[in-house]
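S.K.: Protein sequence lines correspond, in order, to chains A and B. Per this note's numbering, the very first residue in the first sequence carries number 1; after that it's consecutive. Per this note's numbering, the very first residue in the second sequence carries number 263; after that it's consecutive.
Everything labelled a hint here was simulated from the structure, so no lab data went into it. Heads up, a few of these hints could be off.
Taking lysine to aspartate or glutamate and the DMTMM-like style, the derived pairs with C-alpha atoms no more than 20 Å apart in a straight line are [what the hints assert, rightly or not]:
#1 A:K111 <-> B:D659
#2 A:K111 <-> B:D441
#3 A:K70 <-> A:D28
#4 A:K135 <-> A:E168
#5 A:K111 <-> A:E168
#6 A:K135 <-> A:E153
#7 B:K589 <-> B:D629
#8 B:K665 <-> B:D441
#9 A:K111 <-> B:D629
Beta-carbon label-pair distances, calculated as ranges [said to hold, decoys possible]:
#10 A:Y207 <-> B:I598: 31 to 37 Å
#11 A:V15 <-> B:D593: 34 to 40 Å
#12 A:Y213 <-> B:L596: 52 to 58 Å
#13 B:E360 <-> A:R143: 28 to 34 Å
#14 B:V604 <-> A:D245: 36 to 42 Å
#15 B:P292 <-> A:R143: 38 to 44 Å
#16 B:L596 <-> A:G151: 43 to 49 Å
To spell it out: a stretch of chain A is covered by chain B in this simulated footprint if at least three of its residues, at any positions, have a beta carbon under 8 Å from a beta carbon of chain B; those stretches are [said to hold, decoys possible]:
#17 35-48
#18 72-82
#19 107-114
No experiment lies behind these values; they were computed from the predicted model shown. Even for Gly, the Cβ is constructed at its ideal location relative to N, Cα and C.
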Amino acid sequence: MSTPILDVRGLEVSVAAHPDIKIVRGVDLVVRPGEIHALMGPNGSGKSTLASAIAGSPAYRVDAGQVFFKGENMTAWRPDQRARAGMFLSFQYPTPIPGVTMVNLLRGALKARRGVEVPAREFLAELRATLQQLKMDESFARRYVNDGFSGGEKKRAEILQLGMMHPELAILDETDSGLDVDALRTVAEGVNALRRPELGILIITHYQRILDYIRPDVVHVLVQGRIVRSGGPDLAQQIERNGYDPILQELGLSREPAKAGA
Amino acid sequence: MTSLHPVHPNAPEAITPEVAAAEAREHGEPDWLAMRRADAARAHASLPAPTPALRPWRYTDLTRLDLATFEAAAARLHVTGAPADGYAGSLAAASDREIVRTHLGSLLPATEAKFLAANAALWRGGVLVHLPRHSAASEPIVVTLDASALAQALVYPRVLIVAEERSEATVVLRLRSGDAPLVVMGAIEVIGGPASRVRLLIDESWGAATSDFSWVRARLDRDADLQVAALAFGGALFKQTVEVELAGEGATSGIRAVALGDADQHFDFVTLQDHVAPSTTSIVEVKAALAGAARSVYYGITRVAAAATGADADQANYNLLLSGAAKADSDPVLEILTADIVRCGHHATVGPVDEDALFYLESRGLDRRSALQLLVAGFFHSIVGELPFAGLADELDARVTAKLATAAL
Ligand SMILES: Nc1ncnc2c1ncn2[C@@H]1O[C@H](COP(=O)(O)OP(=O)(O)OP(=O)(O)O)[C@@H](O)[C@H]1O
Ligand SMILES: [Mg+2]
Chain A
1 MSTPILDVRG
11 LEVSVAAHPD
21 IKIVRGVDLV
31 VRPGEIHALM
41 GPNGSGKSTL
51 ASAIAGSPAY
61 RVDAGQVFFK
71 GENMTAWRPD
81 QRARAGMFLS
91 FQYPTPIPGV
101 TMVNLLRGAL
111 KARRGVEVPA
121 REFLAELRAT
131 LQQLKMDESF
141 ARRYVNDGFS
151 GGEKKRAEIL
161 QLGMMHPELA
171 ILDETDSGLD
181 VDALRTVAEG
191 VNALRRPELG
201 ILIITHYQRI
211 LDYIRPDVVH
221 VLVQGRIVRS
231 GGPDLAQQIE
241 RNGYDPILQE
251 LGLSREPAKA
261 GA
Chain B
263 MTSLHPVHPN
273 APEAITPEVA
283 AAEAREHGEP
293 DWLAMRRADA
303 ARAHASLPAP
313 TPALRPWRYT
323 DLTRLDLATF
333 EAAAARLHVT
343 GAPADGYAGS
353 LAAASDREIV
363 RTHLGSLLPA
373 TEAKFLAANA
383 ALWRGGVLVH
393 LPRHSAASEP
403 IVVTLDASAL
413 AQALVYPRVL
423 IVAEERSEAT
433 VVLRLRSGDA
443 PLVVMGAIEV
453 IGGPASRVRL
463 LIDESWGAAT
473 SDFSWVRARL
483 DRDADLQVAA
493 LAFGGALFKQ
503 TVEVELAGEG
513 ATSGIRAVAL
523 GDADQHFDFV
533 TLQDHVAPST
543 TSIVEVKAAL
553 AGAARSVYYG
563 ITRVAAAATG
573 ADADQANYNL
583 LLSGAAKADS
593 DPVLEILTAD
603 IVRCGHHATV
613 GPVDEDALFY
623 LESRGLDRRS
633 ALQLLVAGFF
643 HSIVGELPFA
653 GLADELDARV
663 TAKLATAAL
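With these hints in hand, go ahead and build the complete structure from the sequences.
M.R.: Okay, structure coming up:
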């Protein structure tokens, strides 16, 4: 079998500023080239934290375990090193950056990813093509990053970046949330158009809908920081129909009440 | 550039009325100017040197600066772009004009402060921009003050801008010096006639050992509009006071500054927006990004007189600390004497860069330095984006990128 794009081994993650807040409690996850994995789970189960930790967010601390990317242990790598190596995270809540235009961000990101300055013409041509594919107006690129974007615009902007960056691993954290039905189809088509044999995709979602467009090979369920179940696409359908309660009951777990901080 | 008499303005006896008057005669200036220079020298002798006890000087201590070791000298001046029927060039050469006699020193009198007195007594060259009624300068008037050939010198830049009724111009002041120690005491006066529109961009690119103490003061008549923007990148110590008197109904002003500091650079901005007439509008936005052990200070006053009903004033000072050793102090003051105002706000922040924004950019492959270059350029953008200087945004981006390429982050 080919080397996994992503190989997460026994990962335990806590909040960097509050190491006593343990969120991810031992996750193993292998994504191979060309595979699509879906990660589901109740609110607060640790999906975004896992995604952030894989991307190298300094807000979180890895207490145990490793993250391998294309066979290399990158647990200690900085986020920018991971991104340059081909990892891409589409944020659940993309950060507004007033003053920095999408164009400037993309130009910097592309230069970083490719290791050379991309000629202006080539860059513009790629930008236009990607915008078109995502049915986004060109004026969008001149706006400040995520600043005053609607929820749907933010998600499209993430996919625009994904489209320009050509990563080998794409983690889509609730990219479907906040999109209207047409936008969801456009974004999903955009993602599908980017599919290449070497690209691995991890889709974090609460809904079956996006998985109708982007068919997952494997569906995982994360509960209280652990993957408690993995299965085929029917697992997502099952969750769509019955929610998480049957799974929780079977495991003898109760639904965690929402709590502040810890 | 020739060196003048060995002047030690720190010692009260050094600038004498005789020296100042001789300065005037030597350059063929009219008698009234010779007399004013002599008066300024007298004022200089009696005025106290600024100390931190004076509020605008609270955070800028001059005791390290031994002015007695500096000698007065003139920087090289270069002016391009003349307004139609107007004048843009040497102030000394234009000193026989009535407008010079009327307006020079009318806003920044020599009796007000020691450094202003020194400037009034000994300014050399100087620049006059005169915009006659209804005239519009199609191209920016670019004044370059190049002190790069000077060392251990005291430079007294003097600029007088007289914009008559409904005139319009953009004036760009480019300030340059080399690596040698230099002290600058500048005075810029802007007379904004009725419905005049003046844009003044001050590009401070002093060398690393230059200390600059400069005043910009403007008086705006009915419906006049003045937009001042300062880009502070260079210098060891840069203290700039920008004051606008909104004297005529409907006058508007904008004072904007960005400072990017590194090493032990010290930036000190003082602003005054003085709303005297009704329905006047003003904006102040001062932004500093500080690397190394750089420091910024802001002290600003918004004053609204009892008669200035319907005033709209906003004052903001934002400081981005790029390193643990950088430091910023912010001291905005409101003095409002009427309840009938549209708005009178002030905002001040001091803090590090937004970690979330940094992670976002890093997650796109930008290393920390590149991410900070983008964030700081973006931080400055909100100011420059509103200014009508073509190419300024790109110039600023390039300069931020260049300076942060080596800054201590
Ligand atoms: N920086 C932090 N400080 C404190 N608590 C945190 C922090 N980050 C995450 N948490 C907590 O960790 C838990 C998991 O959060 P996370 O965002 O990973 O959940 P999620 O599975 O993505 O939820 P959702 O489906 O709502 O997006 C939550 O209880 C959250 O409040
Ligand atoms: Mg989440």
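S.K.: Decide, hint by hint, whether the structure agrees.
M.R.: Here is how each hint holds up against the structure:
1. Straight-line distance between C-alpha atoms of A:K111 and B:D659 comes to about 17 Å, which keeps the hinted pair within the 20 Å bound.
2. Straight-line distance between C-alpha atoms of A:K111 and B:D441 comes to about 34 Å, which puts the hinted pair past the 20 Å bound.
3. As the CA atoms of A:K70 and A:D28 are separated by approximately 16 Å, the hinted pair is consistent with the 20 Å bound.
4. Restraint check for A:K135 and A:E168: not satisfied, since their Cα atoms lie roughly 23 Å apart, outside the 20 Å limit.
5. As the CA atoms of A:K111 and A:E168 are separated by approximately 17 Å, the hinted pair is consistent with the 20 Å bound.
6. Restraint check for A:K135 and A:E153: the C-alpha separation of about 11 Å stays at or below 20 Å, so the hint holds.
7. A threshold of 20 Å between alpha carbons decides the hint, and for B:K589 with B:D629 the separation of about 24 Å lies outside it, so the pair is violated.
8. With a C-alpha separation of about 16 Å, the suggested pairing of B:K665 with B:D441 holds against the 20 Å cut-off.
9. Annotation: proposed proximity of A:K111 to B:D629 holds, straight-line Cα distance about 11 Å (limit 20 Å).
10. Here the CB-CB span from A:Y207 to B:I598 is close to 54 Å, at odds with the stated 31 to 37 Å.
11. For A:V15 and B:D593, the Cβ-Cβ distance of about 36 Å falls inside the hinted range of 34 to 40 Å, so the restraint holds.
12. Evaluation of the 52 to 58 Å hint for A:Y213 and B:L596 yields a pass: the beta carbon distance comes to about 56 Å.
13. The hint said 28 to 34 Å for the Cβ distance between B:E360 and A:R143, and at roughly 52 Å that hint is violated.
14. A hinted range of 36 to 42 Å is violated for the C-beta pair B:V604 and A:D245, which are about 57 Å apart.
15. A beta carbon spacing of about 57 Å between B:P292 and A:R143 contradicts the range 38 to 44 Å that was offered as a hint.
16. Checked against the given bound of 43 to 49 Å, the beta carbons of B:L596 and A:G151, roughly 38 Å apart, lie outside it.
17. Residue count for the stretch 35-48 of chain A with a Cβ under 8 Å from a Cβ of chain B: 0. That is fewer than the three needed, and the coverage hint is violated.
18. Proximity of the stretch 72-82 of chain A to chain B, defined as three or more residues with a beta carbon under 8 Å from a beta carbon of that chain, is established by the 4 residues found.
19. Under the rule that three or more residues need a Cβ within less than 8 Å of chain B, the assignment of the stretch 107-114 of chain A holds, with 4 such residues.
This entry does not satisfy hints 2, 4, 7, 10, 13, 14, 15, 16, 17, going by the numbered hints stated previously.
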